[in-house]
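Protein chains: 2
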Amino acid sequence: MSKGLPKRSEDYSLWYNELVKRADLAENSAVRGCMVIKPYGYSIWEKMQAELDRMFKETGHTNAYFPLFIPKSYLSKEASHVEGFAKECAVVTHYRLKNSEDGKGVVVDPEAKLEEELIVRPTSETVIWSTYKNWIQSYRDLPLLVNQWANVVRWEMRTRLFLRTAEFLWQEGHTAHATKQEAIDETVQMLNVYATFAESFMALPVVKGVKTPNERFAGAEDTYCIEAMMQDGKALQAGTSHFLGQNFAKAFDVKFATKEGGLDYVWGTSWGVSTRLMGALIMAHSDDNGLVLPPKLAPIQVVIVPIFKSDEELDRISEKAKEIVSKLRKLGVSVHFDHRDTHKPGWKFAEYELKGVPLRIAMGPRDLENNTIELARRDTLTKETINLNEIEIDSFIVAKLEEIQTTIYQKAFDFRTTHTTEVNSWEEFQDVIENKGGFVSAHWDGSSETEDKIKELTKATIRCIPLDQKEEQGTCVFTGNSSKGRVLFARAY
Amino acid sequence: MSKGLPKRSEDYSLWYNELVKRADLAENSAVRGCMVIKPYGYSIWEKMQAELDRMFKETGHTNAYFPLFIPKSYLSKEASHVEGFAKECAVVTHYRLKNSEDGKGVVVDPEAKLEEELIVRPTSETVIWSTYKNWIQSYRDLPLLVNQWANVVRWEMRTRLFLRTAEFLWQEGHTAHATKQEAIDETVQMLNVYATFAESFMALPVVKGVKTPNERFAGAEDTYCIEAMMQDGKALQAGTSHFLGQNFAKAFDVKFATKEGGLDYVWGTSWGVSTRLMGALIMAHSDDNGLVLPPKLAPIQVVIVPIFKSDEELDRISEKAKEIVSKLRKLGVSVHFDHRDTHKPGWKFAEYELKGVPLRIAMGPRDLENNTIELARRDTLTKETINLNEIEIDSFIVAKLEEIQTTIYQKAFDFRTTHTTEVNSWEEFQDVIENKGGFVSAHWDGSSETEDKIKELTKATIRCIPLDQKEEQGTCVFTGNSSKGRVLFARAY
Ligand SMILES: [Zn+2]
Ligand SMILES: [Zn+2]
Chain W
1 MSKGLPKRSE DYSLWYNELV KRADLAENSA VRGCMVIKPY GYSIWEKMQA
51 ELDRMFKETG HTNAYFPLFI PKSYLSKEAS HVEGFAKECA VVTHYRLKNS
101 EDGKGVVVDP EAKLEEELIV RPTSETVIWS TYKNWIQSYR DLPLLVNQWA
151 NVVRWEMRTR LFLRTAEFLW QEGHTAHATK QEAIDETVQM LNVYATFAES
201 FMALPVVKGV KTPNERFAGA EDTYCIEAMM QDGKALQAGT SHFLGQNFAK
251 AFDVKFATKE GGLDYVWGTS WGVSTRLMGA LIMAHSDDNG LVLPPKLAPI
301 QVVIVPIFKS DEELDRISEK AKEIVSKLRK LGVSVHFDHR DTHKPGWKFA
351 EYELKGVPLR IAMGPRDLEN NTIELARRDT LTKETINLNE IEIDSFIVAK
401 LEEIQTTIYQ KAFDFRTTHT TEVNSWEEFQ DVIENKGGFV SAHWDGSSET
451 EDKIKELTKA TIRCIPLDQK EEQGTCVFTG NSSKGRVLFA RAY
Chain H
1001 MSKGLPKRSE DYSLWYNELV KRADLAENSA VRGCMVIKPY GYSIWEKMQA
1051 ELDRMFKETG HTNAYFPLFI PKSYLSKEAS HVEGFAKECA VVTHYRLKNS
1101 EDGKGVVVDP EAKLEEELIV RPTSETVIWS TYKNWIQSYR DLPLLVNQWA
1151 NVVRWEMRTR LFLRTAEFLW QEGHTAHATK QEAIDETVQM LNVYATFAES
1201 FMALPVVKGV KTPNERFAGA EDTYCIEAMM QDGKALQAGT SHFLGQNFAK
1251 AFDVKFATKE GGLDYVWGTS WGVSTRLMGA LIMAHSDDNG LVLPPKLAPI
1301 QVVIVPIFKS DEELDRISEK AKEIVSKLRK LGVSVHFDHR DTHKPGWKFA
1351 EYELKGVPLR IAMGPRDLEN NTIELARRDT LTKETINLNE IEIDSFIVAK
1401 LEEIQTTIYQ KAFDFRTTHT TEVNSWEEFQ DVIENKGGFV SAHWDGSSET
1451 EDKIKELTKA TIRCIPLDQK EEQGTCVFTG NSSKGRVLFA RAY
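Chains as they are written, first to last, in my numbering: chain W, 1 to 493; chain H, 1001 to 1493.
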């Protein structure tokens, strides 16, 4: 709290790193690439989890838990999966330590070598489909709609808190279906669940689309995704939903007796979002004063700070404050009355601004006399004096929180709109990517080579082929070959 | 469902294993010692988590998340901790795989060897105290009251579903305090939280006590525990709460500026319960027909099974059933109307009995005429016909669920009472341990040698020195040396 945050305009990346640490969201641990999610950060993640979990259950899914470890041989069973996942991961080779001979510590016991190495799950398709083989015999066992909340590990070389860490927390849904259409419908349904969650709770507008083969999940037939835009104009993939076809069913020999008396491979999907969403939430809305949280995900929605010089003043303010607290809690508002005398009001104001508390109420002796409060909005940094004789404080606050939620969304939406550019020439493409940033909507000839080349030259990738893509005859911005519609390019996290 | 469960009286151990699998609670995975927690089992665990989490938060704790991996050297920092924990654990030595030369799979890349091996956490004291060092500078930073929900791994040689698995799920609380007394109070408070949870939600009576030095957590000054009794007379440790003294603070150099201007090491506690509680829940209450669940932890509290021959009958029953469903849901009762026509009522009855649903309502055409239902209790296996003209079905069911919760607890309590035996001679001790089982309350001279010897001869261990131990002069049941009070012995899981 001693000095301000770096400014976004000066060093966006440093601003992000510092904000994550100073707002008590997360920090690096002693283990390379693994983060500690601090209590305040974790409480935001818990709110995300609660909403997502509710949405998963409302769409018929149940939770389960599968092993952390995957036998090495499993990874090779689905050919393209191993190419995408097997390489950078944590490998368990031994199961025992022993005292070192110098008596100064412990060493790996060479006699406790595993016959087959175990991989710490980077994702669980293989171990789950090997289990589903025993759970699925007949069409009566389908659909199987299972989700898991878990930690996963991918050995990343360059890591950033929340955005890319070796260990992260996520949920992974894994479903099995009797028909192709049903599996596709599930894939799209979960994409929509993610989009609704991002927009309604995170106040984060997203583009729904399909990945190109280059960016597809290793082992999927199709990868659907939601793409969001950060304040520096870079894209962030916020969630993916994969149609797996019969790939994993074939790899793990999962067949079922059909209604018609035949035998067929099961159709699969998988879908996931992770603590990366925390990074998206922070980057999309926060400002140079600190976090800006949408009220629906704020652990504290309203803070009340008393301004007092004596115990007697604090007592009188507390009485009033507690009335407000009690009214707000009845309406389900999360409110905190910070009556500590160890910190001054100014310090508290800065602290709750840094932490992104949507509404701050200040109450001093003068307010008591006039029956007023001072109400400050975190998103707009505006203040107003509210006369409690004239308004119902509880419904007023609830309405204000809703307004803030909408305003934050609209601001992000407007930013995205002004940072989405249709381009029609290669020069324009390069110029926009380099100087303006954001999404570039351009014609592409559909070839992986072109995509690779564009990435090599500009670091921009195809974020997705939007689901609402219009049919529009055109020519590829790079090769001039024919194209049937625009796709979204961007530099991305 | 094709044949009944093994009987408890014939093979308790086989009964347990079969019940866990057939009731869809858990199963072994392809990875030795790691279990898959199936959706139904996981939904019970979720209910446990929700209640415990609420109780932790009510006592001022917040959740956070710490890394899965622990640098090997950390384990050696607390001398007795390494003796207790470092040995049997999963060791990560490499961070990359590569394609094998024969092209048939993947092998560990020898060039990707970690400089320092990482241990998959068996418990997180070391990694958490190394973090606390940065979080704690002054008494103002204390107390630090943090909990983590996580998976942990201990390489067990003989595993059993829920009771002892290589990977298991748990919560681990880790708190830091300015004074010894405050840390002891926290340790006892959390022991009481666990006892309340076990008794009020799991319907499981527990003895609160302190472990002997032999059974103490590696690194603790004192280990408090709750001990429960299973239907085979064996004890099961259901939760532990450790007073760590300043041991971990000293190992990781965590000091704080005191209010008085000095510098002191921080006092610590840690406490945990795990998916082992699932084993306790199953073993304590279930019978030869399947699971018996206390209503407060039952994912489905009431199931309604229609008995019908035609679609028209089903329609009429459904109308009535849906009224009941809606009334019950309004009171927060979890109710499932199983109107599948793919399974016969008898099959459904057996299925919900196996799954431990506390109340089953059956409704046939005759019931419609008479405005009655048939209500069956899972715990007592009794049935009664209820006239809906005479009772308010919703409040009746709620009261019945409460009655079941109490009855299940009382049954376990009575069993424990009749299986707790005061013995005063070594012959009696051996006889009771061998033939009757249960808790044996006996005088012990307080020495570890005696404890070891008794264990060697009878496989009974001191479960705890009960907190409500009466001062009573006596002589050790084994050595005849003097003793100041009775302790509880038992064979244990
Ligand atoms: Zn996309
Ligand atoms: Zn005990």
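Careful: at least some of the hints might be erroneous.
[What the hints assert, rightly or not] For lysine-lysine, the following DSSO-like pairs were computed, each having C-alpha atoms within a straight-line distance of at most 27 Å:
{"no.": "1", "chain 1": "W", "residue 1": "Lys250", "chain 2": "H", "residue 2": "Lys1104"}
{"no.": "2", "chain 1": "H", "residue 1": "Lys1322", "chain 2": "W", "residue 2": "Lys57"}
{"no.": "3", "chain 1": "W", "residue 1": "Lys57", "chain 2": "H", "residue 2": "Lys1348"}
{"no.": "4", "chain 1": "W", "residue 1": "Lys77", "chain 2": "H", "residue 2": "Lys1104"}
{"no.": "5", "chain 1": "H", "residue 1": "Lys1133", "chain 2": "W", "residue 2": "Lys259"}
{"no.": "6", "chain 1": "H", "residue 1": "Lys1309", "chain 2": "W", "residue 2": "Lys296"}
{"no.": "7", "chain 1": "H", "residue 1": "Lys1047", "chain 2": "W", "residue 2": "Lys47"}
{"no.": "8", "chain 1": "H", "residue 1": "Lys1322", "chain 2": "H", "residue 2": "Lys1348"}
{"no.": "9", "chain 1": "W", "residue 1": "Lys320", "chain 2": "H", "residue 2": "Lys1344"}
{"no.": "10", "chain 1": "W", "residue 1": "Lys133", "chain 2": "H", "residue 2": "Lys1021"}
{"no.": "11", "chain 1": "W", "residue 1": "Lys133", "chain 2": "H", "residue 2": "Lys1250"}
{"no.": "12", "chain 1": "W", "residue 1": "Lys3", "chain 2": "H", "residue 2": "Lys1133"}
{"no.": "13", "chain 1": "H", "residue 1": "Lys1348", "chain 2": "W", "residue 2": "Lys455"}
{"no.": "14", "chain 1": "H", "residue 1": "Lys1098", "chain 2": "W", "residue 2": "Lys113"}
{"no.": "15", "chain 1": "W", "residue 1": "Lys348", "chain 2": "H", "residue 2": "Lys1259"}
{"no.": "16", "chain 1": "H", "residue 1": "Lys1003", "chain 2": "W", "residue 2": "Lys98"}
{"no.": "17", "chain 1": "W", "residue 1": "Lys250", "chain 2": "H", "residue 2": "Lys1344"}
{"no.": "18", "chain 1": "W", "residue 1": "Lys259", "chain 2": "H", "residue 2": "Lys1047"}
{"no.": "19", "chain 1": "H", "residue 1": "Lys1453", "chain 2": "W", "residue 2": "Lys330"}
{"no.": "20", "chain 1": "W", "residue 1": "Lys98", "chain 2": "H", "residue 2": "Lys1113"}
{"no.": "21", "chain 1": "H", "residue 1": "Lys1021", "chain 2": "W", "residue 2": "Lys255"}
{"no.": "22", "chain 1": "W", "residue 1": "Lys47", "chain 2": "H", "residue 2": "Lys1330"}
No wet-lab data here; the hints were simulated from the structure.
None of the values given here were measured: they were computed from a predicted structure.
Checked hints:
{"no.": "1", "hint": "W:Lys250 / H:Lys1104", "verdict": "18 Å, holds"}
{"no.": "2", "hint": "H:Lys1322 / W:Lys57", "verdict": "20 Å, holds"}
{"no.": "3", "hint": "W:Lys57 / H:Lys1348", "verdict": "23 Å, holds"}
{"no.": "4", "hint": "W:Lys77 / H:Lys1104", "verdict": "10 Å, holds"}
{"no.": "5", "hint": "H:Lys1133 / W:Lys259", "verdict": "62 Å, violated"}
{"no.": "6", "hint": "H:Lys1309 / W:Lys296", "verdict": "49 Å, violated"}
{"no.": "7", "hint": "H:Lys1047 / W:Lys47", "verdict": "17 Å, holds"}
{"no.": "8", "hint": "H:Lys1322 / H:Lys1348", "verdict": "18 Å, holds"}
{"no.": "9", "hint": "W:Lys320 / H:Lys1344", "verdict": "62 Å, violated"}
{"no.": "10", "hint": "W:Lys133 / H:Lys1021", "verdict": "16 Å, holds"}
{"no.": "11", "hint": "W:Lys133 / H:Lys1250", "verdict": "51 Å, violated"}
{"no.": "12", "hint": "W:Lys3 / H:Lys1133", "verdict": "23 Å, holds"}
{"no.": "13", "hint": "H:Lys1348 / W:Lys455", "verdict": "58 Å, violated"}
{"no.": "14", "hint": "H:Lys1098 / W:Lys113", "verdict": "19 Å, holds"}
{"no.": "15", "hint": "W:Lys348 / H:Lys1259", "verdict": "22 Å, holds"}
{"no.": "16", "hint": "H:Lys1003 / W:Lys98", "verdict": "47 Å, violated"}
{"no.": "17", "hint": "W:Lys250 / H:Lys1344", "verdict": "34 Å, violated"}
{"no.": "18", "hint": "W:Lys259 / H:Lys1047", "verdict": "36 Å, violated"}
{"no.": "19", "hint": "H:Lys1453 / W:Lys330", "verdict": "60 Å, violated"}
{"no.": "20", "hint": "W:Lys98 / H:Lys1113", "verdict": "19 Å, holds"}
{"no.": "21", "hint": "H:Lys1021 / W:Lys255", "verdict": "22 Å, holds"}
{"no.": "22", "hint": "W:Lys47 / H:Lys1330", "verdict": "25 Å, holds"}
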